[in-house]
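Enquirer: Chains as they are written, first to last, in this note's numbering: chain S, 1345 to 1670; chain W, 61 to 221.
Calculated directly from the structure, the hints in this document are not laboratory data. We put the beta carbon where it would ideally sit given N, CA and C, even for glycine. It is possible that some hints are incorrect.
[Claimed, not checked] From chain S, some residues computed to sit far from chain W (all C-beta separations above 12 Å):
1) GLN1395
2) ASN1400
3) ALA1620
[To be verified] So the derived list for chain S, only partly shown, Cβ under 10 Å to chain W, looks like this:
4) ALA1376
5) THR1378
6) THR1385
7) ALA1386
8) PRO1394
9) ASP1398
10) GLY1478
11) ILE1482
12) LEU1483
13) VAL1525
14) GLY1529
15) VAL1530
16) ILE1669
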Amino acid sequence: MDTHKLIKPLFASSVAAIFTISVPALAEGVSAGTLIENTATATYEDGEGPQTVDSNTVVVRVDELLDVTVTSLDGGPIGADPGEAVLTFEVTNQGNGPEAYELSVNPAIAGNDFDTIVVNIAVDTNGNGTYDPGVDEILTAPEATQVLEADEALTVFVIVTVPDGVVDGQASDIELTAEAVTGIGVPGTVFAGQGVDGGDAIVGPTGADGSAIGSLLVGITSVDLTKSVSVVDPFGGTSAVPGSIATFTIIATVGGSGSVDDLIVADAIPEGTAYADESITLDGADLTDASGDDAGEGSDATGISVDLGTVAGGTVHTVTFDVTID
Amino acid sequence: MNNLKKIVAALLAIGCAAGPLAVNAQELNAVEVSGDVKAVQTSVDESGNETTQLVDPGVIIPGGRLVFGTDYTNNSDESAENFVVTNPLPSAVRLAPNADPDLIVSVDGGETWGTLAALSVTTEDGIARSATHGDVTHVRWTLASIAPGESGRLEYPAIIR
Chain S
1345 MDTHKLIKPL
1355 FASSVAAIFT
1365 ISVPALAEGV
1375 SAGTLIENTA
1385 TATYEDGEGP
1395 QTVDSNTVVV
1405 RVDELLDVTV
1415 TSLDGGPIGA
1425 DPGEAVLTFE
1435 VTNQGNGPEA
1445 YELSVNPAIA
1455 GNDFDTIVVN
1465 IAVDTNGNGT
1475 YDPGVDEILT
1485 APEATQVLEA
1495 DEALTVFVIV
1505 TVPDGVVDGQ
1515 ASDIELTAEA
1525 VTGIGVPGTV
1535 FAGQGVDGGD
1545 AIVGPTGADG
1555 SAIGSLLVGI
1565 TSVDLTKSVS
1575 VVDPFGGTSA
1585 VPGSIATFTI
1595 IATVGGSGSV
1605 DDLIVADAIP
1615 EGTAYADESI
1625 TLDGADLTDA
1635 SGDDAGEGSD
1645 ATGISVDLGT
1655 VAGGTVHTVT
1665 FDVTID
Chain W
61 MNNLKKIVAA
71 LLAIGCAAGP
81 LAVNAQELNA
91 VEVSGDVKAV
101 QTSVDESGNE
111 TTQLVDPGVI
121 IPGGRLVFGT
131 DYTNNSDESA
141 ENFVVTNPLP
151 SAVRLAPNAD
161 PDLIVSVDGG
171 ETWGTLAALS
181 VTTEDGIARS
191 ATHGDVTHVR
201 WTLASIAPGE
211 SGRLEYPAII
221 R
């Protein structure tokens, strides 16, 4: 045989060959179970004229790659205090066939200031990215996801309890691990006949398992209110006599590394005094008595209130208001 | 090119061991054409040398290397002239970069032909770019003549997408 001829290309006319195959276009490679079929067509001329002959069709089936990644969807440490905390992860089928993944959580990571107690693993059933108790399915042992198609991602929530006695600023990591239900192992491990359509399943580069760390940071906040009063009497002194004006000062100190929401400083008007209209100040700035136009509202009947909203730890606000002594 | 010759030699050995090719409806044709597929297996010996060999396909996964072969035999007592073998690439594979650069290919479904270096494709936004191995839709070989009794093998390497 002349092997040189085999690899020596020549120009000539040819015939069109018929070939059809349907393969979904996937970033991670052709789908498991896809049939790769190859047929060559030859044309030539002999004494009887032009001839066409097809080769047999050779077929191989694409096997299933087992690959998975897990990532934390939390932008950073989740602020937590004793009680429930929710961490959010994403499990992605990086393989080329449908696969379910068994999930496990390790709350005892080296270096933790404290360890949480794992309550549940839940999947984002309604797909809104937020854990909705009673809506999002809580996985029961063995805690396996539904079958994910190739390239499909699933949002997973890990619900933990932060123990009592933690101190502001302490941190804790938890690790979520996903393992292909078919099996895990060193890349290249073959699970014969356990792939799509009876093909083989092969462990891919990820080892068919993946894990990610989510973090909690304890942010315990405290609110201290300190109230004081100063009196100016009509005669320039400080006696509490009818006609004296008493100025109350409330200092709100928020401590800790977290923040508090909807912090409202409110106070009643003492008996025997009358509220001095339009006397509320917040950090030295005047507020109106009307509700809705700014943070403050006040009246003789209901007293005063100042809505400070969300206040970060380490912040001090000062509220003052005046009353006239009857 | 040396590697390719080795592969060809290895394939010929396999072909001989496999014995006579099946004859069915094609027996009416003077020239018989038979296809097969092999997987490229790379192994590293103790001294770190890489060797590749062609084996029967086992594990077929994205990124795996295959070699598609076509054996031809002229069973008649007359020569076959202008022998052209056209092989559409399965869409699940792309032509491997180690394919013979002189191989005649098409990147437009068999409309136009040439070496890969001579072909270009037009992207969706109308810009022409040089064709790459992944663009190849067909490969083709042309032999001026096959003498009576002559046989040979044509093959192309592919990577599973």
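Enquirer: Hint by hint, note whether the structure agrees.
Expert: Right, here's what the structure says about each hint:
Not every Cβ of chain W is farther than 12 Å from the Cβ of GLN1395 (chain S); the closest lies at roughly 6 Å, contradicting the non-interface assignment. Against chain W, the non-interface label of ASN1400 (chain S) is violated: not every CB pair exceeds 12 Å, the least being about 5 Å. Against chain W, the non-interface label of ALA1620 (chain S) holds: every CB pair exceeds 12 Å, the least being about 72 Å. Against a cut-off of 10 Å between C-beta atoms, the interface hint on ALA1376 (chain S) holds, since the closest Cβ of chain W lies about 8 Å away.
Taking 10 Å as the C-beta cut-off, the interface hint given for THR1378 (chain S) holds, the closest approach to chain W being about 5 Å. A cut of 10 Å between beta carbons decides the hint on THR1385 (chain S): the least distance to chain W is about 5 Å, and the hint holds. With its C-beta approaching chain W no nearer than about 5 Å, ALA1386 (chain S) sits inside the 10 Å limit, and its interface hint holds. Given the 10 Å rule on beta carbons, the hint for PRO1394 (chain S) holds: about 9 Å separates it from the nearest Cβ of chain W.
Residue-level restraint check for ASP1398 (chain S) holds (minimum Cβ-Cβ distance to chain W is 7 Å; threshold 10 Å). At a threshold of 10 Å, the smallest CB-CB gap from GLY1478 (chain S) to chain W is about 41 Å, leaving the interface hint violated. Below 10 Å, beta-carbon pairs count as interface contacts, and ILE1482 (chain S) has none with chain W, the closest being about 35 Å; its hint is therefore violated. For LEU1483 (chain S), the interface hint is violated, the least distance from its beta-carbon to any beta-carbon of chain W being 29 Å, above 10 Å.
Annotation: interface hint on VAL1525 (chain S) violated; nearest CB of chain W at approximately 19 Å, more than 10 Å. Interface hint at GLY1529 (chain S): violated, since its Cβ lies 14 Å from the closest Cβ of chain W, which is beyond the 10 Å cut-off. For VAL1530 (chain S), the shortest C-beta to C-beta distance to chain W is roughly 14 Å, which exceeds 10 Å, and the interface hint is violated. Annotation: ILE1669 (chain S) was flagged as interfacial toward chain W, and the flag is violated, the nearest CB pair being 81 Å apart, outside 10 Å.
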